[in-house]
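Participant: Chains A and B, in that order, give the protein sequences. Each number in this note's numbering comes from the position in the first sequence (counting from 1) with 501 added on. Each number in this note's numbering comes from the position in the second sequence (counting from 1) with 499 added on.
In short, the hints are calculated from the structure, not lab data. All residues carry an ideal CB built from backbone N, CA and C; glycine is no exception. It cannot be assumed that every hint is accurate.
Which residues of chain A face chain B? A partial, calculated answer using Cβ under 7 Å [as the list claims (entries may be wrong)]:
hint, residue
1, 646
2, 673
3, 683
4, 686
5, 842
Restraint ranges, calculated between C-beta atoms of paired labels, are given here [as the list claims (entries may be wrong)]:
hint, chain 1, residue 1, chain 2, residue 2, range
6, A, 568, B, 681, 54 to 62 Å
7, A, 834, B, 828, 52 to 60 Å
8, B, 826, A, 581, 25 to 33 Å
9, A, 629, B, 828, 52 to 60 Å
10, A, 859, B, 655, 51 to 59 Å
11, A, 557, B, 630, 49 to 57 Å
12, B, 805, A, 565, 43 to 51 Å
13, B, 695, A, 568, 51 to 59 Å
14, A, 629, B, 630, 29 to 37 Å
15, B, 681, A, 859, 34 to 42 Å
A few chain B residues that face chain A, going by a derived Cβ cut-off under 10 Å, partial list only [what the hints assert, rightly or not]:
hint, residue
16, 751
17, 758
18, 806
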Amino acid sequence: MNPEPVSATGVSTVVPSPSGAVPPAPSPTSSVGEPQPTGTEPPRFSGLRGLARWEVALFATFVVVFIVGRVLSPEFLTNYNFFNMGLSNGELAIMALPMTLIVVTGEIDLSVSSTLGLGSSLLGLLWMHGWPMPAIIIVVLICGAFLGAFNGFLVTRVGLPSIAVTIGTMLLYAGIAEILLGSNIISDFPATYTNLGVYGVPGIGLSYSTVIFFVLAVIFGVVLHFTPFGRSLFAMGANQEAAIFSGLRVKRTKMILYIVSGIVCSGAGILYTFRLSTAEYDNGTGLVLSVVAIVLLGGVSIFGGKGSIVGVVFAVLIYSGLLDMLLLTGFPQQASGIVIGGLLLLSVLVPSVPEFQARLRAGRHRLRRQGHEGAIVHSRPVAQPLATSDGGGKDGQGGPSI
Amino acid sequence: MSSQDTALVQATGSPQRLVDMVFRLREYGIIVVLIVFIAVTTGIQPRFIGQQNIKFVLLNATIYALLALGETMVVVSRQMDLSVGSVLGLSAYVSSNLFGQVHGIPIPVVFLVGIGIGLVCGIVNGAITAFARVPGLVVTLATLYIIRGVDISIIGGGEVAASSLPAHFSAIGSDSVVGVPYVTICVAVVIAIGTYSLRSFRPGRELYAIGSNPDAARLVGIPIARRVFSAYVTSGAIAGLAGVIWASYYGTVDSTAGTGYELTVVTAVVVGGVAIFGGSGSATGAAFGALLLSTIATALYALGVSPFWDPAFNGLLLVLAITLDRGIALRLAEVMRKRTFRHEP
Numbered sequence: 502m503n504p505e506p507v508s509a510t511g512v513s514t515v516v517p518s519p520s521g522a523v524p525p526a527p528s529p530t531s532s533v534g535e536p537q538p539t540g541t542e543p544p545r546f547s548g549l550r551g552l553a554r555w556e557v558a559l560f561a562t563f564v565v566v567f568i569v570g571r572v573l574s575p576e577f578l579t580n581y582n583f584f585n586m587g588l589s590n591g592e593l594a595i596m597a598l599p600m601t602l603i604v605v606t607g608e609i610d611l612s613v614s615s616t617l618g619l620g621s622s623l624l625g626l627l628w629m630h631g632w633p634m635p636a637i638i639i640v641v642l643i644c645g646a647f648l649g650a651f652n653g654f655l656v657t658r659v660g661l662p663s664i665a666v667t668i669g670t671m672l673l674y675a676g677i678a679e680i681l682l683g684s685n686i687i688s689d690f691p692a693t694y695t696n697l698g699v700y701g702v703p704g705i706g707l708s709y710s711t712v713i714f715f716v717l718a719v720i721f722g723v724v725l726h727f728t729p730f731g732r733s734l735f736a737m738g739a740n741q742e743a744a745i746f747s748g749l750r751v752k753r754t755k756m757i758l759y760i761v762s763g764i765v766c767s768g769a770g771i772l773y774t775f776r777l778s779t780a781e782y783d784n785g786t787g788l789v790l791s792v793v794a795i796v797l798l799g800g801v802s803i804f805g806g807k808g809s810i811v812g813v814v815f816a817v818l819i820y821s822g823l824l825d826m827l828l829l830t831g832f833p834q835q836a837s838g839i840v841i842g843g844l845l846l847l848s849v850l851v852p853s854v855p856e857f858q859a860r861l862r863a864g865r866h867r868l869r870r871q872g873h874e875g876a877i878v879h880s881r882p883v884a885q886p887l888a889t890s891d892g893g894g895k896d897g898q899g900g901p902s903i
Numbered sequence: 500m501s502s503q504d505t506a507l508v509q510a511t512g513s514p515q516r517l518v519d520m521v522f523r524l525r526e527y528g529i530i531v532v533l534i535v536f537i538a539v540t541t542g543i544q545p546r547f548i549g550q551q552n553i554k555f556v557l558l559n560a561t562i563y564a565l566l567a568l569g570e571t572m573v574v575v576s577r578q579m580d581l582s583v584g585s586v587l588g589l590s591a592y593v594s595s596n597l598f599g600q601v602h603g604i605p606i607p608v609v610f611l612v613g614i615g616i617g618l619v620c621g622i623v624n625g626a627i628t629a630f631a632r633v634p635g636l637v638v639t640l641a642t643l644y645i646i647r648g649v650d651i652s653i654i655g656g657g658e659v660a661a662s663s664l665p666a667h668f669s670a671i672g673s674d675s676v677v678g679v680p681y682v683t684i685c686v687a688v689v690i691a692i693g694t695y696s697l698r699s700f701r702p703g704r705e706l707y708a709i710g711s712n713p714d715a716a717r718l719v720g721i722p723i724a725r726r727v728f729s730a731y732v733t734s735g736a737i738a739g740l741a742g743v744i745w746a747s748y749y750g751t752v753d754s755t756a757g758t759g760y761e762l763t764v765v766t767a768v769v770v771g772g773v774a775i776f777g778g779s780g781s782a783t784g785a786a787f788g789a790l791l792l793s794t795i796a797t798a799l800y801a802l803g804v805s806p807f808w809d810p811a812f813n814g815l816l817l818v819l820a821i822t823l824d825r826g827i828a829l830r831l832a833e834v835m836r837k838r839t840f841r842h843e844p
């Protein structure tokens, strides 16, 4: 492919053509200001209306969860319980925010819980060596930035698939935490700090981690939805090549996101340590699965290019509400995975129902031409020639296909 | 299709051989690393290649290698199965619990029950992934939770005690011939068969095709959904089988059996040379990956390094392996491009 003529015209042909590959929907006017749906799958929720529908569904679920919770247990809707709910899920919720941004760009970071654990271990280790707490906190956050930068380096500069990289660094960081602390358990933190972990913010009645989550959620929400930077994330997730050709600095942006994720997660590690008053090497193990579950439940597409912070916030509320409800009703806490997993499964199954019905209706012949792109992680637009022959009329306005 | 294939092979004859060679080298590379590792460790601590230790390493690697066979099938087709650890746990508990509940139950029936449990889990994973077209990573992340949750609800706080298992059953996991456990030999045979069928039979080769280019695979008429479905079902059944073996080896089964295995298995598969986005690698390579991981774990112990270093090593190995693969792929692409230019008139 010739690099020169692509720069300006290439983009305009690349972006609309995938949407030409799907059943010919008379393009609604609302899709103008909205980020284009991913190039590799039909725009199930293209346009503001579609996006809103998912959030409305989440909101309805949220209301149902809280009503059912109230019916099952009179303690559910009390200030004390809200405090507890926020306290026990605060770190998880905080980690979901940078994860949202990363998944929107089509990548993933599975090392978040290990970053939390390493942050916690480092905190404990330095405290054991008599460092002053403010210095420790700064060092831990810087260390988190480096951990994120290492992920970002491998993903953007070396060009490795983020899922493999972060499975590797998940093991690596957890391993380093283990090396740092070994079997030591450090729990002699001063009450000034551990109080931050267990008491509420004065006058608000919510834990510090909850308040930090909401503040960060507003910041991340504004950045994702109302800044050029945030919108560029959607562009990258929707079509990476197009984003590169339109001059977005994809590598640098992803690098920034991984660094932010590292900082935020090590910060969550500090909160986690203060909440439990304990620094142990396996702090936070396994939280990553819950974080991913929350982000996907929040309507963020695993393929990138779609999602909103509002959805993720509702997902956090649903998640903590459900877990708390199970706790209050005496459901075995360990088995709550059934509920979380079921929720995750539902959140990916429900959006694919219309598509599934459409496929059933279209029959076998059409099915073969339409393709199996939904289930494939990094599908390249190879089938473009086929798509153009499918909807030739649409192609006329975009110029010749590449 | 076959005539096109032969034409393709003729046109690109030498680069094809080159690719084959490089991938085979990648597999041998693991074996070389393994040998070097064993040699160095033995040099420092001669007891490392003692009878008892070899048996321990092999037994440990056997379960991972078996799981890696199923995982290879799934990963080769550009999917992932994260539920293997949970399936193993459920199968291990339910199957070994049968000995206490049904007096004198024949051991083959127990194996069948274990495999059956795995089959059911695999069918659920496969059906949702292949027919509802949801990415397998997400589906199996969910079923990882769900199956573990089911496991915990069945078990509660209890466990199967080693003493409740019949001696014949426990012998499966411990008896050996000339220092090599029977299970390891059986699993090695299964892996050999698996590797051969993946490489030489049509459904196997089609998995590679799906993984290396899904769109092209669809265009040549490969039934993608059916193939991906059967890969998941096979992986589930294998995890179920591994669960029974796990139970016979460890004896005591509680609700944490197999927790976190999925990550080790994925690591083993990737370290063993299977590309994480599908299309290349073999089950033999994955098995050697598993062997390497468990050798390292034991070697660290033998060398007096704290076992705390083990996860960090695994992670580092995984990152190194994918970096190496990336380097090879880039280099290979460059060589192939040069060759293509040279062949042009």
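Participant: State for each hint whether it applies.
Facilitator: Hint check:
1. 646: At about 19 Å, which exceeds the 7 Å cut-off, the nearest Cβ of chain B leaves the hint on residue 646 of chain A violated.
2. 673: The hint holds - residue 673 of chain A has a Cβ within 7 Å of chain B, the shortest such distance being about 3 Å.
3. 683: holds, 5 Å
4. 686: violated, 14 Å
5. 842: holds, 3 Å
6. A:568 to B:681: 54 to 62 Å: Check passed, 58 Å falls within 54 to 62 Å.
7. A:834 to B:828: 52 to 60 Å: violated, 45 Å
8. B:826 to A:581: 25 to 33 Å: violated, 56 Å
9. A:629 to B:828: 52 to 60 Å: violated, 44 Å
10. A:859 to B:655: 51 to 59 Å: Violated: the Cβ-Cβ distance is about 44 Å, outside 51 to 59 Å.
11. A:557 to B:630: 49 to 57 Å: violated, 28 Å
12. B:805 to A:565: 43 to 51 Å: holds, 50 Å
13. B:695 to A:568: 51 to 59 Å: With a Cβ separation near 58 Å, residue 695 of chain B and residue 568 of chain A satisfy 51 to 59 Å, so the hint holds.
14. A:629 to B:630: 29 to 37 Å: Distance hint for residue 629 of chain A, residue 630 of chain B is violated at roughly 54 Å.
15. B:681 to A:859: 34 to 42 Å: violated, 52 Å
16. 751: violated, 18 Å
17. 758: holds, 9 Å
18. 806: Residue 806 of chain B check passes; min Cβ-Cβ to chain A is 9 Å, inside 10 Å.
Checked against the numbered hints given earlier, this structure breaks hints 1, 4, 7, 8, 9, 10, 11, 14, 15 and 16; the rest are met.
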